[in-house]
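Colleague: Single-letter residue listing:
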Amino acid sequence: MDIPTDIQHQQMGYDRTATMFTPEGHLLQVEYAEKAVRLGSSSIGMVCSDGVFIFSDKRNEDKLIVPSSANKIQEIDSHVIASIAGIVSDARILIDRAQLISQQHKVTYDSEIEIETVVKEISNIKQQFSQYGGARPFGVSLLFAGVYNKKPQLYTSYVTGNYFEYFANAIGENDEQIREKLKEKYKKDLTINKGVKIALDIFKEVQKEKFDIARFELGYLKKEDSKIIKIDGKNIENLKWLTQLRE
Amino acid sequence: MDIPTDIQHQQMGYDRTATMFTPEGHLLQVEYAEKAVRLGSSSIGMVCSDGVFIFSDKRNEDKLIVPSSANKIQEIDSHVIASIAGIVSDARILIDRAQLISQQHKVTYDSEIEIETVVKEISNIKQQFSQYGGARPFGVSLLFAGVYNKKPQLYTSYVTGNYFEYFANAIGENDEQIREKLKEKYKKDLTINKGVKIALDIFKEVQKEKFDIARFELGYLKKEDSKIIKIDGKNIENLKWLTQLRE
Amino acid sequence: MDIPTDIQHQQMGYDRTATMFTPEGHLLQVEYAEKAVRLGSSSIGMVCSDGVFIFSDKRNEDKLIVPSSANKIQEIDSHVIASIAGIVSDARILIDRAQLISQQHKVTYDSEIEIETVVKEISNIKQQFSQYGGARPFGVSLLFAGVYNKKPQLYTSYVTGNYFEYFANAIGENDEQIREKLKEKYKKDLTINKGVKIALDIFKEVQKEKFDIARFELGYLKKEDSKIIKIDGKNIENLKWLTQLRE
Amino acid sequence: MDIPTDIQHQQMGYDRTATMFTPEGHLLQVEYAEKAVRLGSSSIGMVCSDGVFIFSDKRNEDKLIVPSSANKIQEIDSHVIASIAGIVSDARILIDRAQLISQQHKVTYDSEIEIETVVKEISNIKQQFSQYGGARPFGVSLLFAGVYNKKPQLYTSYVTGNYFEYFANAIGENDEQIREKLKEKYKKDLTINKGVKIALDIFKEVQKEKFDIARFELGYLKKEDSKIIKIDGKNIENLKWLTQLRE
Amino acid sequence: MDIPTDIQHQQMGYDRTATMFTPEGHLLQVEYAEKAVRLGSSSIGMVCSDGVFIFSDKRNEDKLIVPSSANKIQEIDSHVIASIAGIVSDARILIDRAQLISQQHKVTYDSEIEIETVVKEISNIKQQFSQYGGARPFGVSLLFAGVYNKKPQLYTSYVTGNYFEYFANAIGENDEQIREKLKEKYKKDLTINKGVKIALDIFKEVQKEKFDIARFELGYLKKEDSKIIKIDGKNIENLKWLTQLRE
Amino acid sequence: MDIPTDIQHQQMGYDRTATMFTPEGHLLQVEYAEKAVRLGSSSIGMVCSDGVFIFSDKRNEDKLIVPSSANKIQEIDSHVIASIAGIVSDARILIDRAQLISQQHKVTYDSEIEIETVVKEISNIKQQFSQYGGARPFGVSLLFAGVYNKKPQLYTSYVTGNYFEYFANAIGENDEQIREKLKEKYKKDLTINKGVKIALDIFKEVQKEKFDIARFELGYLKKEDSKIIKIDGKNIENLKWLTQLRE
Amino acid sequence: MDIPTDIQHQQMGYDRTATMFTPEGHLLQVEYAEKAVRLGSSSIGMVCSDGVFIFSDKRNEDKLIVPSSANKIQEIDSHVIASIAGIVSDARILIDRAQLISQQHKVTYDSEIEIETVVKEISNIKQQFSQYGGARPFGVSLLFAGVYNKKPQLYTSYVTGNYFEYFANAIGENDEQIREKLKEKYKKDLTINKGVKIALDIFKEVQKEKFDIARFELGYLKKEDSKIIKIDGKNIENLKWLTQLRE
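Residue numbers (this note's numbering), protein chains in the order written: chain G, 602 to 848; chain Z, 602 to 848; chain P, 602 to 848; chain Y, 602 to 848; chain X, 602 to 848; chain H, 602 to 848; chain A, 602 to 848.
In the BS3-like style, the derived pairs of lysine-lysine whose C-alpha atoms are separated by at most 27 Å in a straight line are: (1) X:823 with Y:664; (2) H:835 with H:659; (3) H:664 with A:824; (4) G:835 with G:664; (5) G:784 with A:659; (6) X:782 with Y:835; (7) G:789 with A:659; (8) P:824 with Z:664; (9) Y:752 with P:664; (10) P:636 with Y:636; (11) P:707 with Y:721; (12) Z:789 with G:659; (13) Y:789 with P:659; (14) P:636 with Z:636; (15) A:824 with A:786; (16) P:751 with P:784; (17) Z:811 with P:784; (18) Z:831 with P:751; (19) X:721 with Y:664; (20) P:721 with Z:831; (21) G:751 with A:664; (22) Z:664 with P:788; (23) Y:751 with P:831; (24) A:721 with H:721; (25) Z:782 with Z:823; (26) P:835 with Y:789; (27) H:659 with A:786; (28) H:788 with X:811; (29) A:636 with G:721; (30) X:811 with H:784; (31) Y:664 with X:805; (32) A:786 with A:659; (33) X:811 with H:782; (34) G:831 with G:789; (35) Y:811 with X:786; (36) H:636 with X:664; (37) A:664 with G:805; (38) H:782 with X:664.
Calculated directly from the structure, the hints in this document are not laboratory data.
Nothing here was measured: the structure is a model prediction, and the numbers come from that model.
Chain G on its own, in the form it takes in the complex (with noise of 0.2 Å):
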């Protein structure tokens, strides 16, 4: 037989749910699932010494759409932020959970709710969309970053529910080669101008003449006072610490 092993399981059925594992140990539905985010526009987390960012493509050429209605950069609550790639109907799903339940703790407990609290309870439930029949799993990556006591960090969450801490990542269109290009050029002592500016290069490089300042969007906390600031399009390339930056 020389059909390619991905036909013969395909042919098989195994990629009917995302109860079944491959004879070799995989879950084919969850597979999918996951280009379904590299069908999503991109992001670039990174955490800086001073802070940490996001930086989206939020791909909205559409002139009819409001731009504020197409953010990709979340509040979840007032000190972390979320942008997400993949299926952006699921990703309100999980975006809207992810504010009540940094609300139910506040309201719980009078204190912000530590990141990786928030990360965890999002991932369980993608872990449970891809282990338990009847419903498909959620088909999107999110990158979350916020400052929780005076510490800057970004997580992502991952189509199975698995989730890491990271120095720096991307999700969506590219995301591998964007992260091979964050390996090379992050480093530790980074200022959050220099981040973006390193983001702001890469996604140069890889959409080459597709890229287009407007359709970006950028949001950052400082260490200092973890306010979220967010900053769309064309102002970002006019930010006067970008500009500066450049001289």
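Place chains Z, P, Y, X, H and A on chain G using the hints.
Modeller: Chains Z, P, Y, X, H and A alone, transformed into the frame defined by chain G:
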């Protein structure tokens, strides 16, 4: 193998339930439901300098139907209207739910509901029907238009449960073609008068000899008083202001 | 491939459950259920200047059945009647439900229920059976006729759960042909007398030599008193007013 | 394709569950269940001028069975009897339910239940099993006969859950043939004596040399006192009145 | 097509679940379960002038099994015994249930339960497993014998949930052949002594050289005192009365 | 068709769930589960004149496992032990349940539980998993041995949920061969000493050069005090009494 | 037929759900899940004379991940650690559960939980997911190590829900090869120092040029104080005692 990917996926059965991803990360049942939306008659919505309107093709050529019974433009609350494209009975269930959500808000908080809140709850329901098994997705897209805090707003909720806020948008038959024209002609300083004229012209261009003003319906809310005004069929063309506009 | 799309879809299994869309966005099980409706005997309903009536072919040629037991025209409430086409036992379940809804309204509010309220609740049940798995759609369409607040009204609820208000309409066998004739002959100023005469003539034209007045049933409500009058078989033709009309 | 539609539908799987319509709007599992009914032995029921009776073929040729145990005519309440055709164990469940419904009515209202009320509730159960998945339809038809308010009545409840009131009717093996003969011979002024004679003759004609009075069972209620009288096997032919009738 | 109907139905899948009728109205899973019953060892039951007995082949040739543990004749209550054929573990569940029903009756009403009441409840359970999905039918038939109100009674409950009262009957292997012989030899005035002799002779005839009295078990109740007497293996042949009978 | 019945049944899918009978009345999934039992290591149980014992092959050749952790002989209660063959994790669930049942009995009635009561409850659980859908049968057989009221007893519970009391029995690999030897050698007046010797010899004969006393485990209870004694591996062969026996 | 049994079973569909046995008594979905475990990175656990340790390959070569976030060695309670191989998100769910069980025990009984109690509860959950339908088995094996009552202990819980106590064991990639080496080199009187050296050497042998101490993680508990000590990456090789050992 020269069989087109579409046919291959159909033969593999990836399109038999909303709980299954294709190897490329697509949800075919959801995409098929979107076809049902495109089989529906079209509506154009537009945010204008002085308010917001929806202009809908009722496509009711059946003289035996009481015209008011085939209205496409529904009142969700005293400050929100909606139009639909797709499976009419599916739409009714969602419209009813939207009305209920609005009423409960009014009773509970003694104030008008934010338009996005309604849109989000309806879209969340749609997301669930695109993820869980045992039912099919809602085969319907909705345009929501309203004035909240003197601000005119227009939203579109899609089959996936995804939604965005728009300056102007179209759903149903020929939506892509109409949206192209909207992108050309839409400007933010248009008045409702001018906006309706543009929508009317677009429909004439797109439907050509099939165009019949008698089949149309207009609903609008002015920013100043946010009162819903609905005008049917022939009356639209005879509108003074619309006529005046032409002279 | 020259196999017709119909056959292709059947071979693909798109028509095996109401929870599946075809690649074109159709719900085949629902469409098949509509065939069950067209296998049923026909009814004509009409709103007249002085009231509303339903004129039904009971198609009961079985001399062994007690005629009253095969009545097609059912009383929903003291001001509403209904006739059905399709699977008779499905219809009974919905008719019972409609009666219950009406009684509960009367007991709760001490007033007659709005006709559309009944129609909507019944249609919502039908919509659910067209969206959720584990059951088949109701294979039945219903004509509801009544007088509410001195206003005669006629509704039709379809298999999908879709419904409209009509001036005049037909369900069951040959419905398209009958509706064509209704469009020609219906006028808003018809009296019940004249309307019934038109319905009678249409049935004669459509059924030709199969026509037998003995199989028919008439139910009407006059605007002034909204009392249900039902007349069976031969008595219809012998009706004074109908006879007078002919002279 | 020259394959007959029947075979085609079977190959397509339209007949695998009661929750599926064929492209022509049929419910094949329900139609197959009707075949189970026709495999059952026959009963004739008749409304007469002085009462109502059911005359049943018990088809019990098994000498080892205690005859009373194979009775086909069951008492539902003191004023109602029933006979069945089809799957005997299915029938017992419905007969038990009918008895329970009657008893509950008597206890609650201290009066006899209307016969149609029992018939309707049993038929509603049958309708549900023809619409919901996860179970098969009840493979049984029932004849209900009784006297309510001095009025003799006869009902038949079918596999679909459909039911009608009859002057005379037959269920089970050869039902169509028997019904043809009933249409010829039935008159409204027949006495029970004469009616039973007619039923007896019909069975002789239809069963020919297989006919054996010992296998039959008669149950009747007179209008005047509505008491259930049951007569078994040979005793039927020896009945004085039946004998007198012959002379 | 020359494929036999059996094979055709199997290929069509009509025999995959108890919830599916064949086009001829049969329930194949139930019929297959009946095969499991015929794989079980046989029992003969008989109503005699002075009581009732069950005579069972335990078919236990396994010297390692404690004989009392492989008893086929079980006590349901102080006045009822039962024997089974088919899947032994299925039978135990039903026997346990029968014992529970009897005990609950005794506790509640302080009197012995009617034998038919037990038989009916057990049979109703079996009917449900032949109609609902998600489980298989019980693969077991039961003979119930007892004395109630001085009246000896014998019942058989089948796989379908159908049951009858018998003068004499057999279940399990060769049941048809044994029943033929019972029809020849059974008379209502037989004493238990004579009845057991007949049953013994039938087993000898049917089992031929395989016959071994050591494998058999006898249970009987006399009309006068309704006490259960059980006799095992070799003791049966040595029974004084049975020996006397022979002389 | 020359395809063997086995293969035919597999191709027909009769072996895909425990809820399906084959046309011959077999439950293939249950029979396959019995194969899992035969893949397990063997145990011999025997009732002796002075008590009862279980002699088990632990088949644990893994030097890395703590021997006590791979014990096959489990204490169910202070007077009952059990050994298993088949899927070890399935067995643990049932053993836990058996321990719980025993403890609850002790707490409730302040007396030891009858051994058959435990065996029956465990076997009932197994029967359910052989009849209901949505789960697989337990792939495990159990030997229960104990002393109740000074009476030594041995039970075996099979995959079907069937169980018997035995004088001596074997489960697991080569069970049929071992049982043949037990039939030859077992006598009711054997002492535990002699019984264990016989079991040891049988294992030597059956396992031949693979036999290794270090892999075995012995558990016994003497009639007089019903205390559980367990002896592991090499210690068995060094047992004084066993050695004495040999001399 | 020359098709290998594996392929045959796959074509027959025996490997599509954990609720199905193959004709040989295997559970293929469970066996496939075990493949997922072997795709995971390896861990070695060992019981030593002075304590117990787990030595794990984190296989995290991703410089962008915060190392502590990719820790393989988790604290279950103050006296128990665990390492996993397989699907990381599945593992997290089980680890969380283990932590919860331990905490609840501490709160309820004010004492440390027995290590086997935790292992058993986690393994019971895994057994259920290997028997019930509607979900897939957990694709994860776990090593649990701890000190209870001054006694160092090591357990391994497998995909089936089976578990054993070990002197030394390995899970994940190359587990069989590592276990062979452990059997050769393990002795009960090894100190942690010497044990870690052995584990280190085994990993070097097995991973050859891929070996990189930076990817490893060590966790141990000394018998005397049962405190958890964790050492990461390069620090392991620089450990004084480990270095001393080398000299």
